[in-house]
Every structure is written in structure tokens, then in C-alpha cells.
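Colleague: Full structure from sequences and hints, please.
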Amino acid sequence: MTSLPGPTPKKLGLVIDLDICVGCHACVVSCKEWNTGGYGAALSDQDPYGAAPSGSWNNRVHSFEIEPDPAASRRQGGAYGDARIVHFPKSCLHCEDAPCVPVCPTGASYKRAEDGIVLVNEDICIGCGLCAWACPYGAREMDAAEGVMKKCTLCVDRIYNENIPEVDRVPACVRSCPTNARHFGDLADPDSEVSRMVAERGGIDLMPEQETKPVNKYLPPRPRRDRDDTSMLNLAALADPVPTGFLGWLDNALERLG
Amino acid sequence: MNKPALNLSPPVSDRIEKTTCYMCACRCGIDVHIRDGKLRYIEGNRDHPVNRGVLCAKGSAGIMQHLSPSRLRKPLLRVGERGKGAFREIEWEEAMALAVSWLKPVRESDPRKLAFFTGRDQSQALTSWFAQQYGTPNFAAHGGFCSVNMAAGGISTIGGAFWEFGAPDWERTRLFMLFGVAEDHDSNPLKIGISKLKARGAKVIGVNPVRTGYNAIADEWVGITPGTDGLFILALVHELLRTGRVDLDYLLRYSNAGWLLIDAPGTAEHGLIARDREGKPLVGLRGSGIIVSHDRAGRKATLKGAYRLPDGRRAVPVFERLVETYLDPKYAPEAVAEETGVPATTIRRIAAELARVAFEEEIVLERPWTDMKGERHPRMIGRPVSFHAMRGISAHSNGFQTCRALHLLQVLLGSVDCPGGFRFEPPYPKPMAAHPRPHGDARPGQPLAGPPLGFPLGPEDLLLEADGVTPQRIDKAYSWEAPLAAHGLMHMVISNAAAGDPYPVDVLFLYMANMSWNSSMNSRGVMEMLEAKREDGEYVIPKIIYSDAYASEMVAYADLVLPDTTYLERHDCISLLDRPISEPDAIADSIRWPVFEPDRDVRGFQSVLLDLGARLGLPGFVDENGAPAYRDYADYITRHERRPGVGPLAGFRGADGTKSGRGEPNPDQIRRYIENGGFWMAHVPEEAQFFKHANRAYQDWAVEMGVTDAPTPVTFELYSEPLRRFQLAAEGHGERQPPDHLRASIRAAFTPLPCWYPPFEGESLAEVGGKEAFPFHAITQRPMAMYHSWGSQNAWLRQIHGTNPLYVPAPVCDELGLEDGDWIWVISHHGRIKVQMARMAAVNSRTLWTWNAIGKRKGAWNLAPDAPEATRGFLLNHLIHELLPPKGDGLRWANSDPVTGQAAWYDLRVRIEKAEAGDEAEPRFPPQERPAGLPEPPREIRYGQEWSE
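Heads up: the protein sequence lines correspond to chains A and B, in order.
Going left to right, the first sequence walks through residues 1 to 258 as this note's numbering numbers them.
Going left to right, the second sequence walks through residues 1 to 949 as this note's numbering numbers them.
Fair warning: there could be bad hints in the mix.
Straight-line Cα separation of at most 27 angstroms, BS3-like style, residue types lysine-lysine; simulated pairs [claimed, not checked]:
id, chain 1, residue 1, chain 2, residue 2
1, B, Lys771, B, Lys914
2, A, Lys90, B, Lys3
3, A, Lys90, B, Lys196
4, B, Lys3, A, Lys213
5, B, Lys3, A, Lys10
Quick caveat, the hints were computed from the structure, so don't treat them as lab data.
Modeller: Here it is as C-alpha cells:
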């Protein structure tokens, strides 16, 4: 049984921008390649070239479809509607009230008092899986080879690592993200870049009703400027040169060129 | 307490080596971290011009590619029947001697009988030179399958192309339209760029039948019906013309809008450009109507009316013809809405948005510059709308003209290479006429007179036998069937060789081209052609040499396998002579170098090719004493000169490495690249950064850099005279005449102004029930985390994309009562496949789609025969034929663009039927054997466990 440390002076976490995530899985694989040779046991893969390949991953991207208005297509008269694909990267959210910590029977699952990172001490993890059951986000995966629970460490072995350049002391997923959709910082500091981003863009908690107080935040898609902009139509009408025809317009236009 | 002491600064790597990724075609810079002599991890190179530090899923999975159990280990000689995969290992000396014994007699008797085709080759400057020196015109890479419509459409219109040869001005563009873009060329630059646009509120419009990837985050999605992009674009052109929203000043300065066209119907010059005695195009002067050469008129040329040429013939400006053409009501939004699936109101609004952003949100850079006519401009005016396009446009039978239509739209808006618009990347722009012509005329024992590939400017440049009709090339590139086939027709090589049409071949030599599977249309048919035997028991294609790094499907069909290295074990140059990595503001090239030595008996293919060339005694491959001219590929990269002072790499030239672009070879050049992070880059001077097609400072700088030997400014050819020359031939003019059965299609497809016609497959189904019998389109999309067939051997990537359902539009599911996981038959005019489906709403309602190249043949890539890729994964290729359905005329009509020969695999039409539930996709093929010497793959991977703390 482990207790949570209470409010931490720093709340390190990720801010993930759903407006720009294209679902490319760069973060998923860079996480795997850094962490399989990093903190704790390797992230193993079973039957890697066989019928049912599987493995442990600390970060995954889920893609799903939403269809706000199934009738829109027919109404509009075109061959497509306004359904869309949402790409949703998900890893441990390093919750302030992390339910995975108190359920751990050995104390292996813990939250760091100094920065709020939730970790598993693999030396005393017995692989019972209670923490994964407790996590409402499905953010923990048992490593089938080592029999210990694996999860996002926020690359704790990168972010303070004096053996790598300062600019690279960010989680591997943030370092690799091609669309700049992932940001790392201290969400306890209201002046940090990530906190400002959350304030400006209306960052949200994942499943707040679970009362886990996740540190990671998601930035919702920006309002999209698509078909509602009808001012354009009027503009086209105004420019319509029908009275004199296009060649009449051309004469005037060429005259203006001098 | 439970909290353990953590080492927060564990050792990471002993050394970092910087080279170039090859997990797809983007060529990003990578930092390879090595610990205890072993690959620790790979990350993006922050200094690299392509990816600026980021890296995609494929790039990060490089560890698993480098260590794949599918890596070939030693040369292999076939011991069973073709297709079975039974080999014995042989030594390199035996392999090379065998290859020479096959290739030498062919060269001495009839060098055409070698067909040498490469796949996703990044060394075409070398491979093409090998073909040229060997003397066979039968060379190309896989561009005919992939990109040639984009390349030929772009180069013939604006002197440059999309793909990775240009880019939107990400810093300034305010409206960006993306047409049918795949994820395997320039994908990290695109992601970086789109992210920037979204951050500063620029609007992104995605035009694609499927709303995944970039389209998922676009502000607006246009779910267009496949093959109708050209019609949609020409409706936008119609609207811009109708409303007078075009940039006349830009058109007069940079395009041929004012050039006069000879109007003499029925004559051999009708529709050609009127020229003076020196061959300069003529224009009429506004007001006076006096006719002068275009360079004397400047922007005083007229754009409308009719004029008398000095010889008395009538002439009209290009723009007059253009306006007539596109104001036709057939291009009105209402007229195209049904065909394209895009509502008329949407077309009209997008046209108005393009015009508003281009003309009312004009950008002004206070940056003086001088044009090629010597006029000094105090500032640069930008039209901040930009476009990008790729295979979604390219892989249709109307793709060439669609691509030209898109460039026409850009030029009308004045947004090519201006601030905020689409920007060229050096060595582009370069006009079509400045590219070489193709060379055929094979002679025994002799090299070709020039490179096999190039751009014809008229019928006289076609590669035809003396009868003026018979193709010289095995793939019929540069024949009347595919006159502008600038990348060859790889998809026709095996089919034509098997049919002996126009002639059989003796040796088929392929490099990293998976022709017996996902890189062919009609994969089963191609497998049968490779297995086919003559009456005397010899294979119809007698000898097949294949080089690949991995146990791909094609390996099973080779007689001799030359094992290549992985990308971390080899030298390469990403050369300005081939497909460079330049950015709009910088010219750049790069290298790969052996970060690891191979632990297998394998050799880099390019070194093997140089060795083969030397053993065959090819000119340039041997010195004056007949000894090999180059030790290996690294030595060639360093010392080879294509023109004096110009070699494969442009950086660190000169004896002391201080020269850029031009300079004598530097023996230390590769070391300098390695020290510089694996690449070299020189910035385009500020004054030269825009209007490169007409910018004196740019043109001078390009000459200085060795890009060209003399300035090559470009006039945008809205009206293409070379196309008109082919059309005139089809109308009966000129000495070289197309065969009668091709006249109509050449007249229709070679319109000198961009046109649209319906994709061929849909129009050629009359004998098999018509379009109604095949009501749906079926296409593929490229997953961001997988690069064609390579990715499935990768233990990590195959966990992301291990199978590929066929996505079926929601309304179709409702109509047919289909639910996720149901099995369906998908039926084309050519074949049927049984696959599992999934419902999807974010897709054009007439379009089915699946992920590209996930399906594998059983046993290939050293995967278990029951791997999901082999049991439930599938290819649409089985439904696509390299020929159109027979028309009853006994002729073989290629399923290709009639201008360029581009394979039209996005034209596929299908119907679907619910099928019995099953556990395996169909068709099924017997497994291929694991090649000799390859290990049983591990049952578990614990990569990096030894570094676990």
C-alpha cells in the first residue's frame, strides 16, 4: 500500500494538441525505442514475426471516427458529409490523485514528491496488475517477458540527464513529434509555456468525472473555418462581370496595367 | 520507503553518428546513438534541412529494420522452380562471374535484351549511367508507377514539380490546398509545415476522397470522387476567369499567355506558336496591334483579339484561347458538381476564397530584385495561396492533364515562386527544353549516345524504330503509346517481355522493386509471367537478377540474388544529379555512410554495379588500362565527374574542400560530409529566393553552383507547344505518324491547354456491364507508420498496421446490410478478392479504400506463414490489370495515362457482394520458402534489456 505524496511543487506533464495530431505514431515508436533501452526492463515484443505480434508500449495513438451530422451529406448535395477522424495519443497522465498508486500492494507504484511523475519501482513490482485495473485510462501495460508493469516515465531518464544536451532533455515523444503536437513542462507553474498554452486554448482534462486530476492536458481542435464562411459567395457575385463579359473586364484590367 | 534512488543521468550512448534515414523516401537526417557497439536509438538531426530534428514512426523503428530477420545474408542461386524460393548460397565471386556471363553476350549481340529497372532507388544518377554505358535504353526506376504525371505535368508547365521538388511558403502562405498527398515523400516537412499553418491561423483545405492523416486536421475537407480533381480544378479556373480574378501582370511577365498562336486550321502549323526568324515567340502590342517578339514587348503584349502575322496568317494570343476554353459552361460549378461529388456552392466559395486571399491579402516584401530582362523591382509581391499534390492526382489515366490544370490555376493566381506561394527548390525551376532528350538506338557493344530517360519536345524525339511506329523500348516508353514517359513504364516491363511485345528480353535485372507483389498491377498475372516457360523448357524471361536487402516477394522469382546492405551499412549520395534534399531557401545534398559494418556477406548494390560495369569493361567504369575506375561507391561518389567540376556531391569540393557546387574532386569529401552531420547546404542569396524562374540573381547563382552551365529561365507554358506537336501528328501532319488506332486518344489527351476526361477504366467497361456494374471506386492510402512493403518485416511497425480492412462508406454499408468484420467479395473487371470490411463515414460515398501494401505473400519477409499480413492482409493489385478490358480490336490497351504512361491504379472500379464469413482473404498463394541461410525469427524480442538498470 502506497500513499500519494500530496500536492507536489512541480507537476511535470504533457500537453497534447488534438488540433494538429495527424495520428502518425511518431511518438509511439520513439517512446518505444528510447524506453526499451532505458528505464527498467526492456519493452518486450512477443511473437514479433508471427501470427499474433504483441508487445508492451508506454504510449499509443487511438483513432476513431465521429459523425456530427450523418444527414449533412445528403442535405448539402455532395458525395461526402462532415464525419471526421480524431487521432488521440494516450499515455499515463501522471494524475495528482493517481488511483494506480494507493492500490499497489507492494509500494512499487509511486508518485514522485518532487515533480509528480508516477513511476513503477520494478524491483518490487510483483506484476499483480491491480494498478492497471485501477487506472481509468488504460495507460499501463504488463510486460509479458519481465512480468512487471510498464508505463510512461515521462522519460525521467532523459529530462534530467546531464549526458544529453539541454535542448534534448524532454520526453522522447516530444522530441520526435513532427507536428509539434506534444509539449512538456511544469503545469504547476502558471507562467510556464505549457500552462499558458492550456489557458489560451482551453486545455481539458481527460475524463474529469473520474476525479483523478490528470496533470497531462489535451488541447481541443481549434474552431475550423470551413463551410460556414458564406461571405465569400457574395464576393464572387460582386465581382461577376456578366454585363460586359469577361473580355470587357479584361480590357479594363489591361488598361489599369498601363 | 518505497521510493528508490534513481540515476537520473544514466549513460546514453558512446557515440553519435549522423547519416540519412531510408525508412521511406523522405531522406531525413538522423542521429544514430551507439552504445557498446550496438544501436541504442535513432533520433532526428536538429540541424538537418529536411526534418529539423523530428522523426516519424518509421524512422524511429529503424532499429528493427536494421536487425530484421528478413535481411539477406549471402548471394543466392535458385535451385527450385521460380516462385518457390528455393536457393543455395554461393560466394560473391561465383555470383559476379555468373552475372557477367549473362550480361556480356547480351551487350555484344543486342544490348536491348537487358531490361534494367530499379525500384525506390535513390541512386538513379549511377544506375541510369550504367544503363547508358551498357547500351540499353531499357532502364527506369519506378516513377512510371508512381510520380511521372506530376513530374512531367509540372516540368512541362512551370519547370518544376510538387512531390519533393518544391514546397509551399510555410512561413507566409495563408490558404493552403492539399490534393491527394501520400505520406512517403517530404512527409516530415509537410507535417512541420501544416503545424505552422494551423498555429498561425492559415486555412488548410484537404482534397481527398478519404479523410485520414492531413485531411483529418484540415479546416475544410473536400471529399472528392477519385479521378475528378482535374474537373474540380478547371471549375475553379472557370470561376476565377468568370469573375475576373486573375493576375494579369504576372501572366504577362512570366507565362506564355500573350504569345500568338497560328490560326490556320487544317495546316501543319495550326496551333503552333508564331515565331520570328530567330525562333522567338511573337506577341501583339496593346493599342497599336504591332507584332513584335515577346522579349521586346514585355508586359505591353495584348491578351485578346486576332492579328495578322507578317506572312498574312491569322494569329490569336494564348490567353484568348484559354478564356474561350474555360468559360465553356461545361466547366461551370453546377455542371461538374455531380461528377466530382463537390457541391457547386463549395466550388464557387473556394474559388472566391482563393481570389480573396491571393489578391486582397497580398504580401509585400521590401526586397529589391532584378528580372531576366534587366528590370529592377523595388519589392517582391506575394499571393499567399499555395498548393501541394501527389499520387492522388498522379496515378490516374488523366493525371498528367490534371497536374497541368493545377499548375494553370497557380499561375492564374500569380502564386508560383512568389512570397506566400508554392516555391521551387534548387535545382528547379528548369524548363523542359533544358532537360535531355531520351536516347535509344542500341548498338551491339556500344554505349547509348546519351541518357536513356529525358523529355521529348515533339514526335521527332520519340524512340521508335525506322518504321516510325515500333517502340524501341521494352516498356514502350517514348512510343506513341506513352510519348512523355519521362520515368519509363516499369509496370509494363514484365508484361511486355512475357508477350514478346515489342520483343523478348534475355536478362531482367531489378533492384529493390517488388514486382511479383505490391509493385505490379495484376500481381498474380505477373507471377505467372515470371514462371512461364517456352516450349523448349526455358523461361520466357530467361534470366532474372535481383538485388534487395530483404527476403521480399520478388526474391522468390530471381535466378540470382545479390544481397544488398541495410541503410545503416552503406554509402549513398542524395545527389543534385538525382533527387536532392534542397529546400526553397537552400540547395542541399547528403550522404549515407556505414555507421555499422555488415555482419553478413552482403555488399551495397551500387558498389556491386560499379564492379559489374568494370567486369563488363563499360566505358567510364574502367580506366585506360581496363582496370576498374572506381574502388567502390564511396570512391565513385568522391571522384566521379559528370561534367568538369560537377560530381555526385556538390559540397566541400576542390582539393581543400572550400568550393561549393563546382570544383575539382576532394579526396576528403565524404569525411567532411560526416563531420558536417551527413549533409551539405548552401543558402540561396536573399535577392534570389523568389521568382527564381525569372530572377537574374538566382539564375546567376545557379550557374555558379553548377546547377546549370548557363541561365535557364522559365516561361510558364499555360499552352504547351510540345503537346500540340503530338496532336498535330495525330491530325495527320508531319512525317512521323501515330498508328491509326491511337490517333483519337492522342488528339483527346494532348490538348495544349489542360483538359479533363473521365478515367479510362470506367469508360472501357462496356463489354462487361458498363460503369453501373462497377459503381464504386477503390483506392489505397499510405499509412504514416508504414512504407510500402518494407514495413511489415518490422517488429514494431507491424504491431501498428498488421492487417488492412477494406473501408466501406457508411451509406453503402446501410444499403447492403454490412457490419464491421463482415467478409465481402470485391469484384473488378479483372478479378475478385475476398476481404474483411469496416464501416467508415469520413469518406467519399462512392469510394472504398484500404491501406497500401500491408498484404504479404505467405512466407515472404521471413514472417510466419500464418502472419496476419498473409492471412487477412490483402492487395487491391489483384483487381487491377496493366491493360484495359479488351475492346474487341485485338489490341493491348495499357491501363496508363496516354501522355506519360503513368500506371492508372487509382482508376479502379469495383462492385461488392457480401461473402460467407471466412478466416483468410482470397486469392491465396502457396507460401514461398525462407531463403537459404536466413535464421528462424526470434519468438520474443527484449531489445536493450542489457542496458536495463
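Colleague: Under the criterion that the straight-line Cα-Cα distance not exceed 27 angstroms, is the pair B/Lys3, A/Lys10 satisfied?
Modeller: Status holds; Cα separation ~17 angstroms.
Colleague: For the pair supplied as a hint, B/Lys3 and A/Lys213, is the alpha-carbon distance within the 27 angstroms limit?
Modeller: holds, 22 angstroms
Colleague: Is the straight-line distance between the alpha-carbon of B/Lys771 and that of B/Lys914 27 angstroms or less?
Modeller: holds, 20 angstroms
Colleague: Is the hinted pair A/Lys90 and B/Lys196 satisfied, with a Cα-Cα distance of at most 27 angstroms?
Modeller: Distance of about 23 angstroms is within 27 angstroms: holds.
Colleague: Given the proposed pairing of A/Lys90 with B/Lys3, does the C-alpha separation stay at or below 27 angstroms?
Modeller: Holds, at about 26 angstroms.
Every hint, counting from the list given before, is met by this structure.
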